[in-house]
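Given these sequences and hints, build the entire structure.
Listed here are the chains, written in short residue letters.
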Amino acid sequence: DTAVSQTPKYLVTQMGNDKSIKCEQNLGHDTMYWYKQDSKKFLKIMFSYNNKELIINETVPNRFSPKSPDKAHLNLHINSLELGDSAVYFCASSQGQMNTEAFFGQGTRLTVV
Amino acid sequence: AQSVTQLGSHVSVSEGALVLLRCNYSSSVPPYLFWYVQYPNQGLQLLLKYTTGATLVKGINGFEAEFKKSETSFHLTKPSAHMSDAAEYFCAVSDLNGNQFYFGTGTSLTVIP
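For the protein sequence lines, the chains are A and B, in the order given.
Its first residue numbered 5, the first sequence is counted upward by one per residue in the working numbering.
Its first residue numbered 3, the second sequence is counted upward by one per residue in the working numbering.
For the record, the hints were derived by calculation from the structure and aren't laboratory data.
All of these numbers come straight from a predicted model, not from anything done at the bench.
The beta-carbon is built from N, C-alpha and C at its ideal position, and this holds for glycine as well.
Calculated from the model, a selection of chain A residues having no Cβ within reach of chain B, i.e. all distances over 12 Å: (1) 17; (2) 65; (3) 66.
Taking lysine to any residue pairs in the SDA-like style, the calculated list, with each CA pair at most 20 Å apart, reads: (4) 48/A with 29/B; (5) 45/A with 14/B; (6) 71/B with 30/B; (7) 40/A with 14/A; (8) 48/A with 104/B; (9) 48/A with 4/B.
Structure follows, in structure tokens:
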């Protein structure tokens, strides 16, 4: 049973399109995250949700809109995709305390052409 | 603010040799520190974490790390490298509320036969 699952694993799309990435966790965690990993492997937080409430919203273009319908799900919708959006996007979850680790999904490799 | 610095973006070792991956942290409070491993085309997997207590922490796959407050370091070691250890390694620190993790820039480990 996959703890944090995200779909799709690969996504190739044209500039200007709108796409969504889905994420689900079955760990009973209260906190979920979206991280972006660029071509140099650098990981940067995009959003953090706690109990469906947005906690962290880093300087991400407003073309990116997270949606958390319940504690177990955090989806990411991206409008008007640009070439620079190409990256690997990771969903993660944790118990939301300083001393607890995050569990990561397998990632979604987004390629914008 | 919390942050981590990983010295050495690429480390190469011979099979059977000692692995040493460096991580230094900056934190305004006692930190909670993590090491993650990322195999190609996969998500991040927790190797080990330091919260409180014993400063030498043992993790999976024979890895361990030592928390040294005086040096603000949390270096990752393994006595004998195996070919399967080739991967990207990330050091991370959690923020004060567990709402996000700050990752280092990663170290790519190559194991030479």
